[in-house]
Amino acid sequence: MKQKKLQLSVLLLGLGLAAQAQQVVTATGGDASGSGGTVAYSVGQVVYATNTANSISVAQGVQQPYEISIVTGIEDHPLGLGLLVYPNPTADYLILDVGDLELLNLEFQLFDIDGKLIVDQKIANTNETIPMENLPGAVYFLKVLKSNTALKTFKIIKV
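Just so we're aligned: 16 in the working numbering is position 16 of the sequence shown, and the numbers increase by one with no gaps anywhere.
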């Protein structure tokens, strides 16, 4: 009799644990492992919770806020609002339109994605044409400066 009660208790406990399981439709998922352990993950999970202990924080779930930003350390100056660059994406050339800004001490710098300076040139016209045909397809940054002060930085896509 005692054995039947134990079996019934184990069965009910098992059913109780199974009833607590969640079912969710996810976009994808998988397992990741490394020297520190193994983690199972899923993409598309709506509910998440964060567990914290000592200096370690683990967030369960996927839909958590994130921000994509360009880390250049350059802030745009309010005078840069009148600056335009087109066409973007580009294949052959880029036109930098400085609007009604005074051309004295105005220059542009073109950087590749690694931060390597490719072109550093004074701006001579209000519509400066920048040749891009000899550059490989990639992402570039065009920084416009006035007296060594950054006015605006553009993200340029070269196809």
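Fair warning: there could be bad hints in the mix.
Cut-off 27 Å, straight-line C-alpha distance, at most; resulting in silico cross-link-like pairs (DSS-like, lysine-lysine) [said to hold, decoys possible]:
hint, residue 1, residue 2
1, Lys-146, Lys-116
2, Lys-155, Lys-116
3, Lys-143, Lys-155
4, Lys-122, Lys-158
Please keep in mind that the hints were generated in silico from the structure rather than gathered at the bench.
Now the hints, each set against the structure:
{"no.": "1", "hint": "Lys-146 <-> Lys-116", "verdict": "holds (20 Å)"}
{"no.": "2", "hint": "Lys-155 <-> Lys-116", "verdict": "holds (14 Å)"}
{"no.": "3", "hint": "Lys-143 <-> Lys-155", "verdict": "holds (9 Å)"}
{"no.": "4", "hint": "Lys-122 <-> Lys-158", "verdict": "holds (22 Å)"}
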